[in-house]
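Please work from the sequences and hints to get the whole structure.
Number of protein chains: 2
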Amino acid sequence: MSDIDNLAISTIRLLAVDQVAAANSGHPGAPLGLAQVAHIIFKNMIQNPASPDWLNKDRFVLSNGHSVALLYSLLHLAGYPLSIEDLKQFRHINSKTPGHPEAETPGIDVTTGPLGQGICNAVGLALAQEHIAARFNKPGFEISNNYTYCILGDGCMMEGVASEACSLAGHLKLSKLIAFYDDNHISIDGDTNVAFTEDVNKRYEAYGWEVLWVKDGMHDYEGITKAIEQAKKSDKPTLIRVTTIIGYGSKMQGTHSVHGAPLKADDIVQLKTHLGFDPSKSFVVPEEVYSYYKSFADSGAAAEAKWSAMLKEYSSQYPELGAELKRRIAGELPADLESILPTFTAADKAVATRKLSEGVISKLYDAVPELIGGSADLTGSNLTRAPDAVDFQPPSTGLGDYSGRYIRFGVREHGMAAICNGISAYGANFISFGATFMNFVSYAVGAVRLSALSGHHVLYVATHDSIGLGEDGPTHQPIETLTHLRSIPNLSVWRPADGNETSAAYLVALKNKHTPSVLAFSRQNLPQLAGSSIAKASKGGYVVHGSEAPVAAVVATGSEVGIAVEAAELLAKEGVNINVISLPDWFTFDAQPKDYKLSIFPDGLPVMSFEVLSTNGWSKYAHEHFGLDRFGISGKGPDVYKYFEFTGEGVAKRVKKVVDFYKGTEVKSRLNTAL
Amino acid sequence: MSDIDNLAISTIRLLAVDQVAAANSGHPGAPLGLAQVAHIIFKNMIQNPASPDWLNKDRFVLSNGHSVALLYSLLHLAGYPLSIEDLKQFRHINSKTPGHPEAETPGIDVTTGPLGQGICNAVGLALAQEHIAARFNKPGFEISNNYTYCILGDGCMMEGVASEACSLAGHLKLSKLIAFYDDNHISIDGDTNVAFTEDVNKRYEAYGWEVLWVKDGMHDYEGITKAIEQAKKSDKPTLIRVTTIIGYGSKMQGTHSVHGAPLKADDIVQLKTHLGFDPSKSFVVPEEVYSYYKSFADSGAAAEAKWSAMLKEYSSQYPELGAELKRRIAGELPADLESILPTFTAADKAVATRKLSEGVISKLYDAVPELIGGSADLTGSNLTRAPDAVDFQPPSTGLGDYSGRYIRFGVREHGMAAICNGISAYGANFISFGATFMNFVSYAVGAVRLSALSGHHVLYVATHDSIGLGEDGPTHQPIETLTHLRSIPNLSVWRPADGNETSAAYLVALKNKHTPSVLAFSRQNLPQLAGSSIAKASKGGYVVHGSEAPVAAVVATGSEVGIAVEAAELLAKEGVNINVISLPDWFTFDAQPKDYKLSIFPDGLPVMSFEVLSTNGWSKYAHEHFGLDRFGISGKGPDVYKYFEFTGEGVAKRVKKVVDFYKGTEVKSRLNTAL
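In the order they appear, the protein sequences are chains Y and D. For the first sequence, the UniProt record's numbering begins at 1 and goes up steadily by one. For the second sequence, the UniProt record's numbering begins at 1 and goes up steadily by one.
Wrong hints could be hidden among the right ones.
Where chains are identical, the list cannot tell them apart; a pair therefore holds if satisfied intra-copy or between any two copies.
[Stated by the list, open to error] Cut-off 27 Å, straight-line C-alpha distance, at most; resulting in silico cross-link-like pairs (DSS-like, lysine-lysine):
1) 264 - 355
2) 43 - 88
3) 653 - 620
4) 620 - 657
5) 636 - 264
To be clear, the hints were calculated from the coordinates, so they are not data collected in a lab.
Below you can see the structure in the form of structure tokens.
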């Protein structure tokens, strides 16, 4: 490495230290220990800061997101629109430099911070790249060949979600994934030897990774560079373990005290002095460092220009693939999706919504080539595999190839969701999906939450969505899950009642480019409703069964809507007229105009919610509740429903109580509020 | 192995097959492949089926809980109160034989089924045993020396939660843990080679486990037996990989089709015939098999009798320890806990509730020796370590010993929670606790849910409980978490507002022996309230600031209560009198008599909820809401609060709107309902 490299590395270190000092909050330790690693990665990366959305750029994920001051320093030098002023606003409200990397900031490929997630996102990014290459590359046209770089720390290494994704990455032989393990022996509780003494190299070898080790990570720049070269030659993902010293150069280096608190003023002075910088100045970038980084940006811009020219030629030689790629880069869905979605009438037979979902997926599979995903080892139960799907597998397995779009995630729900986030983050209009039983979406919520926060276009197919699953019993029957998911901002949570609602759920979910969706489906058969349609359900809520002068309404979702209609019919025979409201997605319904919402839930109409899960949250729409605020029970599905009186009769009985209770009182719609 | 062993193994196989056939639902594959392993384990186990709560019995965890028919067969033979009639009721409503193992059934040590959890529970059970041994064993008095056996399958192996706990178990050198890996190469998606091709042996060696491999697991009974002997000699936890054939003996053996569906009638006939049983009969147990198993039970009873006699002698030689052990076995808390809890007045200074929690833990640490736990690498932030705590560590590390009660879990939230469940399941009145940031309780909810379902006595200390944590930003700021946790049945979810409420939260949580608790604490300082007391807060909700003839009420929790009181004072100056209700725990409040609840939330009083998290769920108590139905923002905590107008002025402004809106209307208490 030359003097200019050393100067750049010092600059990066001090920019990070200055950010943390200015904010009086943050993590200086990892940036000081990792600046040389990050600098060498950025030297190797092909990217064009003027064009952060370029499909074939190398990706970078900072899985130990708390060391974000390091990343901001690099993005500034690299030429992304992140000024010194922005760095000075580090961790201030409404700045472009929040306390952890957020993908809104140009140049940040994924939002990270929650430990373990970033490396899984990197697995997803690398998976997406392999797929794009397999689908589009042709002799002489290497449309896709980018690398995915990632830095992760001890915290990420300990998280199970990372174990899941890295085991799968090894199986999938994602050879363009290059991860750097910041082996600094320090976590928040002090020396990692209090809790983390496993042999990490051996574990990653067990996963099928190439493992390299740079033992003097603070000084052996050549070793780091050579490791990257070696990684690029491997046919496996590579873990480059770099043994570093946290807070390198600080008086407190190598200790926990430098992890998450600003350096003291005198420590900064000695550090700057030692590095040959003026200790009285902050946020200093020598001009030659700017020039040096400018040369990387120039190479990146040239590479993109060459790629764009190639794409033009490609499009004329392969017009169909070229058109698809252009459409996807533009972020447009295939035209006319509505027309391919199945519709149903009440004459059609009762079918489980998971089966109806399979029907929709089968239609979408060919029509939407950006749809890619699979199940956490529940394919035959989730019914997520289109009949003509090809598995995404290393060709050497003989089980599929990288052009395949069905992913066998294994029993790894959390890793699956985090990988789906990474696939979505790749661009190319990817819509990723992951499936499991609804109860086990809970295993994955650490990543589902990040889908919502980042606006990743991910679909979570959650079958076996209630006690209706029957014999597997309370360990498998969700109770709290829907309420939980409905409380996550920017998350659409569908629970369709029949075929038309299932089609509507997919349609809205596909169109919601920046909102992930959970699609909850029944194990058991459900009748096709007379009152449903794709158009009505696409509003998130509607009256599926109306009456003249109703005295009450039942609002229900999914498997309970049909039972509510049955109750309405029973009650009608007794002269009690009620409406049944189907509310398959709160998120979509809440976005409707207030007039529409009040037309469904008008003043004067007492409403009872009916959903065989937790009633928590339903008071938002309903005055009374019939649900399940306890754990379920093992037994045949219909027996379990009967046991809790979740039947037409059970509903009718309660509606009558509700009608009596509110008779003669002023009933205000729950949606008629002051705030 | 003798003929009788073979006969017993065949009996176990057929009992399992008959259960699944009778239920027409369930998993015959694993029982057929594992009967020989389970039989040999049960032969080795020291247990007394007449006394399932004996402290020093060997424990058994079926982590692949779906193969529960195997376990029921064994428990029946072993002499637990589980009759042939019970087996015939497999997977029927209200039977003692639900679809997955539930700890209510005598002889079942932990509820399992959700994959990966059982092996972590086993780690917790083994950890608890090491602690009991270190605390109570004396020369000549081996009070504790039991083994923990576990069977886990490929599904458990893939789950990240198992990776976390097993890595920690290796670090902790839990040498009395003996786990059998059912290596049958089949999961629901078919051959495990579609997703799971890592080198499991190498991975567990990397964790610091002893790894043994019985390659012909279907026939090499001696190999299995010897492996157990070798495991007992190891100073590490042991993984015995047993390569088996799923559905062994079925015509479909070795395929996925035998995993989760009953065998066909003709297949059962050929299997019974082949095993020398009458194919026309079901649920057959040869008398000699009963006698054989009776001999194990007799040895177990004798062992317990000997142990009880030893305990008597021990109690006279070590009266204090003896008394403690007796008290703990009786499930009684130490007397007079109330008196040691800190109390506060409004004159005391503002303190973060996490700091107040530290004060309580410091008091409880010596007083409650059954309290054991730690943090997921956030000790200095969660403040969960009593000043005089000793770390639970293998003595060889020099960092603590097994008598220590502070556990360094590492960055392993999910594993931590599942281990805490195992510790609680051990008995001895253990109260385990695990700490992390509230947002990362979401990583652990797969296990938190099982704490609630099983009624484990676990405390989850969840600090940094809102946007008040500030700079770390939206990736770390919980929004949906409280609503989620409040929707889990049998889970107490405390968010104390000050010191008295913090003491109350711990007091109630300690007394709730069969209800786990989440304790949410602030990062930021909160004032001590004039209106709080341990007694009042122990009801879960109360009027913390009352007014004459209030025109509205604000109901708040935690850090928002003080702000609400500030708003009330501002409003009082304008002649608007309101009540402030503190509702630190919905679960506890909901259990109060209806009269009491209506006295807090009376008819006629419009109520606005105020909590800086999702408003979802608050309609249960409040007509209007002031909360945060979007993700947070990075900035200094007070700036973030101001940004969203979460201030006295912001609250007051909205209360006035609420008062205007409801003026002259009939306002019904949200708790005054028909159902």
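How the hints compare with the structure:
no. : hint      : verdict
1   : 264 - 355 : between (62 Å within a copy, 25 Å between copies)
2   : 43 - 88   : within (25 Å within a copy, 68 Å between copies)
3   : 653 - 620 : both (23 Å within a copy, 22 Å between copies)
4   : 620 - 657 : both (20 Å within a copy, 19 Å between copies)
5   : 636 - 264 : between (65 Å within a copy, 20 Å between copies)
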